[in-house]
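For the record, the sequence lines run as chains A and B.
Per our numbering, the very first residue in the first sequence carries number 13; after that it's consecutive.
Per our numbering, the very first residue in the second sequence carries number 13; after that it's consecutive.
Worth double-checking, as some hints may not be accurate.
Said to hold, decoys possible - Straight line, CA to CA, 25 Å or less: simulated SDA-like cross-link-like pairs of lysine to any residue: (1) B:Lys55 / A:Leu53; (2) B:Lys418 / A:Tyr451; (3) A:Lys418 / B:Arg345; (4) A:Lys55 / B:Arg345; (5) B:Lys348 / A:Tyr451; (6) A:Lys55 / B:Glu434.
Derived by calculation from the structure, the hints in this document are not laboratory data.
Since we're looking at a predicted model, the values are computed, not measured.
Protein chains: 2
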Amino acid sequence: MRRGRGRQQDSAIAAPAVAQLPWLKVDNHWSPVEPLPPEHLEKVHDKSMEIVENLGVKVLSQTARDLYREVGADVNDSTEFVRMDRQLLLDLVAKAPDKFTLTPRNPDKALLVGGNRINFGMVSGTPNAHDAINGRRPGNLADYIKFIKLGQYFNIIHFFGNQTLSTNDLPANTRHLDTTLINLTLTDKVFMALSIGRGRVTDACNMVAIARGISNEELAQSPTAITNINVNSPRVLDTEMSDAAITMAERGQGLTVTPFTLMGAMTPVTMAAACAQANAEALLTIALTQIVRPGAPVVYGNFTSNVDLRSGSPTFGTPENAKANLIGGQLARRYKLPHRTSACNASNCVDAQATWETQMSLWGAVQTHGNMIYHSAGWLEGGLVASFEKFIIDVEMLQYQAELLKPVDVSDEEFGLDSMVEAGAGGHFFGTAHTMERYQTAFHQPFLSDWRTNENWTADGAKTATERATEIWQKVLDDYEEPVLEQDRREALEEYAAKRKEEIGDGEP
Amino acid sequence: MRRGRGRQQDSAIAAPAVAQLPWLKVDNHWSPVEPLPPEHLEKVHDKSMEIVENLGVKVLSQTARDLYREVGADVNDSTEFVRMDRQLLLDLVAKAPDKFTLTPRNPDKALLVGGNRINFGMVSGTPNAHDAINGRRPGNLADYIKFIKLGQYFNIIHFFGNQTLSTNDLPANTRHLDTTLINLTLTDKVFMALSIGRGRVTDACNMVAIARGISNEELAQSPTAITNINVNSPRVLDTEMSDAAITMAERGQGLTVTPFTLMGAMTPVTMAAACAQANAEALLTIALTQIVRPGAPVVYGNFTSNVDLRSGSPTFGTPENAKANLIGGQLARRYKLPHRTSACNASNCVDAQATWETQMSLWGAVQTHGNMIYHSAGWLEGGLVASFEKFIIDVEMLQYQAELLKPVDVSDEEFGLDSMVEAGAGGHFFGTAHTMERYQTAFHQPFLSDWRTNENWTADGAKTATERATEIWQKVLDDYEEPVLEQDRREALEEYAAKRKEEIGDGEP
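From just these sequences and the hints, can you work out the full model?
Shown next, in the form of structure tokens:
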């Protein structure tokens, strides 16, 4: 007994900065929420097929157009438009798997992408950073490293998006080598490669193979890398994107295809049109991946919100955004594809607005069974800022979602009918045997919610959740531990990056 | 044309303080989210029937026990326990309607209670008020009036709960007359009567009949009044509550029956047990209403959250609370009863925590098709405070829910294929004819979300949503207009209240 207590004290001394959920597989076993009745979903499908057949998508790359032409698409090299018969399109899309696994250098953190599995991703693509101590500043390497450490620390963050934060203080043509090296040393989770052209994704593929200690052939059978291909809505697939998509498909690595559409700007102003247009854009690009490599692991992405029609500003976390997330899942299921969606907001600060907007899009994303939920921690200001405080708040909110989805145990002993007799009518259950056996794990224990009495909370400085978050991210950074990486692999990665920087010089990767 | 413009200018001058949604019927046409698979739901049902049959509920009122005995329940007057055969119970519960209408003095604001209809209710039962200007103070008449005006102003508030705020500066034995008079003059919406004993609900029934200009007999056929009956969990129905329930049933008025259960305190520490116990308590009390008046309009209430087992504090908006809301709806549908649930939080201030907790419970409430969602605007600090700023934020969040649930229009012209040609690949849709025809109503226009650029937002004082809410509730109070009430009815109401105060004197109502 004494020995046991001693160990408890030891572990109390070495207690982590934050008590959090373990690494876990989050599954949504509930029926997805579906705003479109089946016949309306079919109408959206049908209209998107009209777009594919009659309007087409402008594909800027000759290589990509040639690939489409080879399988019988209607390709016009002078206008650059690609159109396709719907049956041809659907046959190609049907070659894509309905689920696949991404295995990072730590195989315990492999992700199933598809089915009911929910994976939460870090904010990505932000040009600026913000925290309450240092204010708003352009993205830079030091902050990039901090965000990677924060994302590694919290188990509820399943993957990193493409470029958590811009590293504006690094040369643009080689920064992908620095950030990939950081991603492969400071975390052992799945991360996205920057999808600008062939060179960058090739480097990412080569480096993840080194980090796993496997060959490129082995990597093609067990993908690690994944990237995000944005269609330039309306209806343009540019060369940088199609090159990246082709390369990743060739290498057997993961892809998400995501038309980024703000209704009223990049699509017509209605939900029906936005869904149909984005669907056409996504499917035509997904078809390209299947031309390159039938069975290439690809995710149906949707990222549809609306503009503020008074100002033209982008908005996120609106009712329209949440509904578009839900419908995106319906469409992904329609084509038996994994689904990528997002949780975002457009607030200028880490306040109630940032929170309710994120909750709107997050609930939509989780209730549509979003397999990869991008931007789910740290996103602020419509994606212009990665926020340290918002990251902490979002992690708490993601943990709430994971706990919400936990199945209810209805085994006999859970009902505790004996304890109802023990407590008696009008009594309480604090001390019943049934409670004592379970109280330590009965409920989710948050790290940020403050449930103290108003008196105690006031005596402790009356701190808001945002103020408490400032304390927490600092503690977490102190507490962060780098995941083990074999020294030879680390050296090989450093060598690869150095060699490539030399090769690239002032040119393009 | 000029005349038209002139009118537009006039209406701009007389513009309301806040642009808001019109009064509307909010329906959730989507399939409800159901955490329990059917066989697990049946197990919860079965265990709750064991509780009804074997453990029973302690019913403190002899009158109520006699009513149970008359229909064949197992009643023990010395222990005060009432037990009941499950078939007898279910037969009684089956007499209750699956939906009914509550008609306030303004029939345009009648509420359907049941089916897919979602009605949002004002915070109620709070002992304190708070706003950012005046701080936290005990509930009082002046603040009560302000909250009633705010709830009347916003169309998304469909009804008022029982006592929006305590009026501690009024005598306890007659304050229900003052507040009912205020409710019947300053608003024309449905409100709840305070359910302490026969006297108070009788006064409420009499006064709503006067306000509608109808007889008590007519009122019994067209209910206006509704009250909330809390079971004192675990398993006690006290006399004040059963007297109020019996009276309301006799008068044909609305009832919600709501065991207030915090898992770990008033129920065993597990979700399965909490649902089974609360279900037993609710159904046994609902049965009482049907003994008094078969077909009495009654709502299945659930209000289950958990305690913080480290401190014993109540918590709201937890994953457990949201899940309990969802399961509550499953149980209500199981018995073909309308459903009451809640949207709450336990934060000490109007911050991100208050917001994500409310969103958790609110999404649970809406996605389970909660027909009456209590406390959905203004609740703070676990119900100890009615907050002016939180009220404004909640109204915005409720409007988001209403907009989210709006069906998607998939008529041909909505798809705007012509506008896709007009915008062209790589173009934008800001100026297309399709956009111009729709832009004014295409998206929800919030009144609190701020989507300006960081530069503009900073130049305007960098105000958080909570700070902006302080400005808004003040403007709304200035803008409030009292709904018309015929002078003779107003006088009759004042007369009734005065006469009753005289009758009551220092006694009980």
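How the hints compare with the structure:
no.	hint	in the structure
1	B:Lys55 / A:Leu53	violated (35 Å)
2	B:Lys418 / A:Tyr451	violated (42 Å)
3	A:Lys418 / B:Arg345	holds (22 Å)
4	A:Lys55 / B:Arg345	violated (31 Å)
5	B:Lys348 / A:Tyr451	violated (34 Å)
6	A:Lys55 / B:Glu434	holds (22 Å)
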